[in-house]
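There are 6 protein chains.
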Amino acid sequence: MSNTDFAHILTRTVDELSDPASLKGLFHQHREGNPLPSGKVLEEIIDLSRSIIFPGYFGKSSVNTRTIRYHIGVNIERLHKLLTDQIMAGLCFTCPKTGEPCTGACANKAETISLQLVGRLPQIRSTLATDVEAAYNGDPAAQSYGEIISCYPVIKALVNYRIAHELHTLGVPLIPRIISEMAHSETGIDIHPAAQIGHHFTIDHGTGVVIGATCIIGNNVKLYQGVTLGAKSFPLDENGNPIKGIARHPILEDDVIVYSNATVLGRITIGRGCIIGANIWVTEDMKPNTKKYKKE
Amino acid sequence: MSNTDFAHILTRTVDELSDPASLKGLFHQHREGNPLPSGKVLEEIIDLSRSIIFPGYFGKSSVNTRTIRYHIGVNIERLHKLLTDQIMAGLCFTCPKTGEPCTGACANKAETISLQLVGRLPQIRSTLATDVEAAYNGDPAAQSYGEIISCYPVIKALVNYRIAHELHTLGVPLIPRIISEMAHSETGIDIHPAAQIGHHFTIDHGTGVVIGATCIIGNNVKLYQGVTLGAKSFPLDENGNPIKGIARHPILEDDVIVYSNATVLGRITIGRGCIIGANIWVTEDMKPNTKKYKKE
Amino acid sequence: MSNTDFAHILTRTVDELSDPASLKGLFHQHREGNPLPSGKVLEEIIDLSRSIIFPGYFGKSSVNTRTIRYHIGVNIERLHKLLTDQIMAGLCFTCPKTGEPCTGACANKAETISLQLVGRLPQIRSTLATDVEAAYNGDPAAQSYGEIISCYPVIKALVNYRIAHELHTLGVPLIPRIISEMAHSETGIDIHPAAQIGHHFTIDHGTGVVIGATCIIGNNVKLYQGVTLGAKSFPLDENGNPIKGIARHPILEDDVIVYSNATVLGRITIGRGCIIGANIWVTEDMKPNTKKYKKE
Amino acid sequence: MSNTDFAHILTRTVDELSDPASLKGLFHQHREGNPLPSGKVLEEIIDLSRSIIFPGYFGKSSVNTRTIRYHIGVNIERLHKLLTDQIMAGLCFTCPKTGEPCTGACANKAETISLQLVGRLPQIRSTLATDVEAAYNGDPAAQSYGEIISCYPVIKALVNYRIAHELHTLGVPLIPRIISEMAHSETGIDIHPAAQIGHHFTIDHGTGVVIGATCIIGNNVKLYQGVTLGAKSFPLDENGNPIKGIARHPILEDDVIVYSNATVLGRITIGRGCIIGANIWVTEDMKPNTKKYKKE
Amino acid sequence: MSNTDFAHILTRTVDELSDPASLKGLFHQHREGNPLPSGKVLEEIIDLSRSIIFPGYFGKSSVNTRTIRYHIGVNIERLHKLLTDQIMAGLCFTCPKTGEPCTGACANKAETISLQLVGRLPQIRSTLATDVEAAYNGDPAAQSYGEIISCYPVIKALVNYRIAHELHTLGVPLIPRIISEMAHSETGIDIHPAAQIGHHFTIDHGTGVVIGATCIIGNNVKLYQGVTLGAKSFPLDENGNPIKGIARHPILEDDVIVYSNATVLGRITIGRGCIIGANIWVTEDMKPNTKKYKKE
Amino acid sequence: MSNTDFAHILTRTVDELSDPASLKGLFHQHREGNPLPSGKVLEEIIDLSRSIIFPGYFGKSSVNTRTIRYHIGVNIERLHKLLTDQIMAGLCFTCPKTGEPCTGACANKAETISLQLVGRLPQIRSTLATDVEAAYNGDPAAQSYGEIISCYPVIKALVNYRIAHELHTLGVPLIPRIISEMAHSETGIDIHPAAQIGHHFTIDHGTGVVIGATCIIGNNVKLYQGVTLGAKSFPLDENGNPIKGIARHPILEDDVIVYSNATVLGRITIGRGCIIGANIWVTEDMKPNTKKYKKE
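Chains as they are written, first to last, in full-length UniProt numbering: chain A, 1 to 296; chain B, 1 to 296; chain C, 1 to 296; chain D, 1 to 296; chain E, 1 to 296; chain F, 1 to 296.
Some hints could be false.
Same chains, same label: a pair holds when it works inside one copy or across any pair of copies.
[Stated by the list, open to error] Mimicking SDA-like on lysine to any residue, the simulated pairs with C-alpha atoms at most 25 Å apart in a straight line are: (1) Lys40 x Ile257; (2) Lys291 x Asn64; (3) Lys287 x Ile275; (4) Lys232 x Cys106; (5) Lys292 x Gln123; (6) Lys24 x Ile197; (7) Lys40 x Glu186; (8) Lys109 x Arg120; (9) Lys232 x Gly273; (10) Lys294 x Pro242; (11) Lys24 x Phe93; (12) Lys244 x Phe93; (13) Lys292 x Gly266; (14) Lys292 x Asp254; (15) Lys287 x Thr94; (16) Lys81 x Phe27; (17) Lys292 x Arg267; (18) Lys287 x Gln123; (19) Lys40 x Leu170; (20) Lys81 x Asn108; (21) Lys81 x Asp19; (22) Lys109 x Arg78; (23) Lys232 x His8; (24) Lys244 x Ala89; (25) Lys24 x Thr65; (26) Lys291 x Ile257; (27) Lys244 x Ala194; (28) Lys109 x Thr11; (29) Lys244 x Pro140; (30) Lys287 x His8.
Treat the hints as calculated values from the structure; they're not laboratory data. Owing to the predicted nature of the structure, the values given are computational and were not obtained by experimental measurement.
Extracted from the complex, chain A is given alone in its bound form (with noise of 0.2 Å):
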């Protein structure tokens, strides 16, 4: 191929590309000073959340009960910073483009909901703390707190859960959802940040379970890989499109256990108690301490 035909070809490629009308609607403008969410500094904002909640466990830091008191204090003002400053983007990102920056309001907004969160992280740990527990009692391979802690990939679902779930509820856009994501890229596990789960829960291997955003999760309960609490259907608006924000996914009660690659379907509610077998379809309500399993 001649220079001149590469130079063609690279020429009429850069040019189409930058053709505003192949771009509508997959260009994000970044106005000046409004920068993006990044998924690397959410990476650090998860890691020090972990190296805050379970010291000594994650990061490289060596603390111990002389110097903890220092590192907790160092790694909270920088989750401060680094989380007001993704809260930031995550505010910028949704709001009206106007063409302008935005205004000192959305920065102060940014400050007040990342400080809110700091101050929930005591409550975030003692719920942790229960789900380490279900983790280990449910787990007879699990040989210690530690072993769960260091790496059952449902502690690291959850924290991330735990956090997104606390964003979501004092209203950032965006940040939420790409901090659950990234645990469902590291364990197969995605936990939508709206769904309500309560303490003692628990998620054995994990691969593939998928739980949908208007889900509502009592305490204690237990789910196994591959378990799916979706939507069965969802009515569409006039264009035949869904229609956004309906309550479209289980309710589980108390004490519920739903095993190996169930499908629970639809706003049906699984009384206190239930079991739900492997491989099993669910799309009825089921009264508490029910059990159902597959006929074969």
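Model the placement of chains B, C, D, E and F on the given structure of chain A, informed by the hints.
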């Protein structure tokens, strides 16, 4: 353990592991100047492609209308260079081993294919734009196109697939498979680069989806997590090994929906507008506009 | 928000999170000189192992017959050093906390085990060679052994499993689990390091596969994506918690095939040559050479 | 040493070092949003400037005539962004501490100055082109302009100086000094950014050269290593400290040559065409076209 | 060149370079567990020290009064840990080679010395504060203490010197020299760690300054670039080699000034308040308050 | 400043800087496949050379007698590969620009030269061993050969010089100069790669030393900091520019000592055993065993 014992075991192990007999079939001998395909460079290639296709969403660039042409120009040039090297590595990986470095013919071929791929990027972008639309319309929880582009795993998987598919079509060995396995690892979605997939394609959640090499998928098709479009069985050759290259995966016509964990096997045709329910096992043709649900 | 409020919330949160009561069971106190196992170093250990077992396919080395002994020598030495440190970290993680650093006895034990693992690498390579062969024969889409080695997830999972299993057998705590979870995250294949698996083993696609700790798998066995080899239920102790250490997962004899998303539960025996169809739930023994498919 | 002693010393030292009295004048308190100038970012700024001024010699870009405009466009945009942030940091570093973050006025000023600097780059390049020519003509060992640009320390020092000088002229505090000290550390050539230097300037070898803040240097001047253009003495104020801001360094008119290790001190004028020999000490005016050598 | 020739030359060269005879005196054999001092870690140690001594000026921390104690606590702990390892490496480097790893005695000694150094940091900071003051007062071009701290090479050189000197005083081998050579490379100022230097010491510009091992320098002393405080000649032993350890460098009493490129040689005493002019060669005692200038 | 003004200035500046007229002589156009020499790769080359010549002192390897051959083998192979690429880059940098990539002849030449350099490493090591000995014997402050090797700047400068000199002798353009400038920047010692230097050569402290391209230095020569071995004047051609390639720097015979800041200029001969005092200016031959000191 004495130092002498240590040295003995170490030396013996190095000897055993360097023994040509032990290495048969497991050792990739490099000829000078013919490096192996690099996972790290292929990741950069995918990152560049994402930056070019969805400007402003990926990479660290703060692109805007003033500067988009500069950014796309630089990225296209770098993409072309890196891709040429990797295609060359793929060609060399599979060409007959004669002990000599590949001749210039291979290098010219690599550069030409790389340029052809670059020239197809505008078309790839416009197909991916339909996939973004399909993902948005198909998920009541989605808030904006931006959210789809920046965090939905299906889009990550499809960018890789659509590029890998073009490279496969252009006759590049190995590289397309590595690119599709990168997406598989990141998203749990395993699409063989040889599969053919129409526009407005989407996958919800995605973990566990498998789309085999000889699948043909129409337009406006939607899959859910855990769906397998696989082979039922393969004819064996006289040695009892599967015969390579036979059409053995399903054909899905336009507007088909397959719900979670359904398994569709063999060279069957699922007609236009069919719906396949969750956890179903389908091994026979379905007429257009029919539905198949689990009986439970 | 005023600076005073900010400082107040920050300080209060640091205090709460540093409170020993809040940390009970969640805080890994480091003793001087006894660092935690490091995910990053374990990744380097796996990368080194891949480089040693499949020379030329992994790492940045451009090894050839002239220089292979140099490369294997350097890699073996580094592997031994890093592994000794990590085994030591694993031993210290679980040994009783007396407030003193581990004595030299632990260090000697770590070095000996590390050397034993190194000495077993030739055998590990030769078993993995059979796995490569099985993957190639089992997939009509595979073009070459090289393609299998460089991009099939099953090989990545099995390198980790076969090393983790040896470490488990040698009595190393924690480290084997971290190594297997690394493969789980990368491939979606979750193989417990305590499971026993014969030669010529392969898994197609792999996402969602679970192989429990007490599984025993023969030679020439093939699994598809989403297969669970799990426990049916576990006996509880007087406190209602599962009793640890009981054989509770299936035995698969030689030449068994299990298709996608099948679930095999409990300490049952699947006889030699059995075939289990997709999406099946199996909880009872199967006689040799029997087949079980979904009735649909 | 007991753990108690250790903890005691550690805690006491932290207390002493955190004591405000001990920190007086040594502690740079950050106000939120007003980061310190960053050496690392300033290095990237210099690297970008080198890439823009001498395309193809620096950075990893493989620029050519087809793509140079793309590269310069991307680099200019990034330079402007990074420089705006650093100028802002410089302005904030020196503005009066009122406990509040800098207002938007500072940000606007930073952006304007940054853009002015960008607008002067063509002129800076054309002056540096004369410096390259002077270095080439002045060194019999030089083989090509390319060699001068890619490895002569004088060019590195002059790129930094000519940019730092523009920033100084535009009223930016601190940043110019950091940029000139970066060159000082790399090359041993210490040029104060406030000095004024004409075109076709060169320094051979360079280590130990010092050019003071109020120097005025004409065109076609050449210095050798170890030359000091310094102050002889400075008037003291009533406290015995030097009075700041007085012209105290030499004026070198056009076509002057100063050989190695010569020391020229005070506000004297070295006339056009003068030559100063090695290891000389000059503290008085020299008439044009005179020479001064060591008497030995 | 044929592959055979290549392999021959390569192998022969490796053999020659591995030959113990060729390695005599040039080969540092590592004993297990006794690593060499690491330049990279020592750089981190210096960066940490700068961060602790001048909070907010170095490192990426955005420390403020709210959080300074947390930052200093974390930095002190890390400094202590890294320094203990490096001191241990220094002790092992020089202790007699018996083929066995160093015993615990060395480790204890390293930890004790490291803690002693940490305990002296408040005093080191307060001496450096006087050096900052001296640099500010001595340079009419300096705008603020902040400018001195963040970019004057003398401060970088003195942080290294004052730490290296303490380590030297505490009996640590090798490490102090490496630290002082790091400053030498960065600033061109070469201060031997064994030299003794009072408070309010400064050096202007600095490149080329040499301060020998047995120098004794009083308070309020100022040097300019290129000044050598060196040895005149050294007594030789019976083999014609210099005898080590003899006092051979100058004593400078309080308030001495030495101008650029002056050379002061031998164990002479420069009395309080003396001034030595530029490019002078001084080899004899100077009485207090005398001046010596070049006669030209 | 309005966005329009901004865009205008940005665009205009990009245009000006991309204008071929503005780029004349300053723009290095890359031909495909002919990259520029890389400072970063050359640094790795020097690091590798240091690791090979002084095993155990540089790099992160923990080499010992058991494993030294493996390490040297791997390092030699990598050195050869990187060096071949860089020599190729140097050859392409200077060969006539015909618009086509360099042919295979250049590549073969680069590989041959690289191998020749590798084959000379044993001789380079043995000369450097004499330099280490000279540095140790010449400095009463030196404690061990190990200290000399690991931190004396003269050794760093001489490793670079002795390699650069061999490359220069083998006809490689540009690369030797870049290597010597790397040492110049790190140590302040500027040795032209074309200079000829005997064994047992040392430089004390080193900052500011300049050794010109046509210098010839015998054995057992010692220089101190700030010494210039330079050209006195150069004959000009008809255009008034220096004529390149004329012998113009001093010859120092065996056993010469030159003290700090002395300047020796022109093609003169300093006879065997001469001593030149500090701050001296020498421009005429000195007979063997004469001394010249400053008259003061």
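One pair to classify: Lys24 and Thr65, alpha carbons no more than 25 Å apart. Within, between, both, or neither? Intra 56 Å, inter 12 Å, cutoff 25 Å: inter-copy only.
When Cα atoms must be at most 25 Å apart, do Lys81 and Asp19 count as within-copy, between-copy, both, or neither? Intra 38 Å, inter 23 Å, cutoff 25 Å: inter-copy only.
Within, between, both or neither: how does the pair Lys232, His8 come out at a Cα-Cα threshold of 25 Å? Neither way: Lys232 and His8 sit 52 Å apart in one copy and 48 Å across, limit 25 Å.
With identical chains, the pair Lys24 and Ile197 could be close in the same copy or across copies; at 25 Å between alpha carbons, which is it: within, between, both, or neither? This pair counts as between: shortest inter-copy Cα distance 23 Å, intra-copy 38 Å.
Homo-oligomer pair classification [Phe93, Lys24; C-alpha up to 25 Å]: within (17 Å within a copy, 40 Å between copies)
Measure nothing new, just compare the shortest in-copy and cross-copy C-alpha distances for Lys291 and Ile257 to 25 Å and report within, between, both or neither. So Lys291 and Ile257 pass the 25 Å test inside one copy only (9 Å; across, 30 Å).
Copy assignment of Lys292 with Asp254, given that the CA separation must stay at most 25 Å: within (17 Å within a copy, 33 Å between copies)
Measure nothing new, just compare the shortest in-copy and cross-copy C-alpha distances for Lys292 and Gln123 to 25 Å and report within, between, both or neither. Neither, since 35 Å and 46 Å both go past 25 Å.
Is it within, between, both, or neither for Lys109 and Thr11, if the alpha carbons may be no more than 25 Å apart? between (44 Å within a copy, 21 Å between copies)
Are the CA atoms of Lys244 and Pro140 at most 25 Å apart within a copy, between copies, both, or neither? between (42 Å within a copy, 4 Å between copies)
If the cut is 25 Å between Cα atoms, do Lys244 and Ala194 qualify within a copy, between copies, both or neither? Within one copy only: 13 Å inside, 35 Å across.
Is the C-alpha distance from Lys287 to Gln123 at most 25 Å within one copy, between copies, in both cases, or in neither? neither (32 Å within a copy, 53 Å between copies)
In summary, the structure is inconsistent with hints 1, 2, 4, 5, 15, 18, 23, 30 from the numbered list given earlier, while agreeing with the others.
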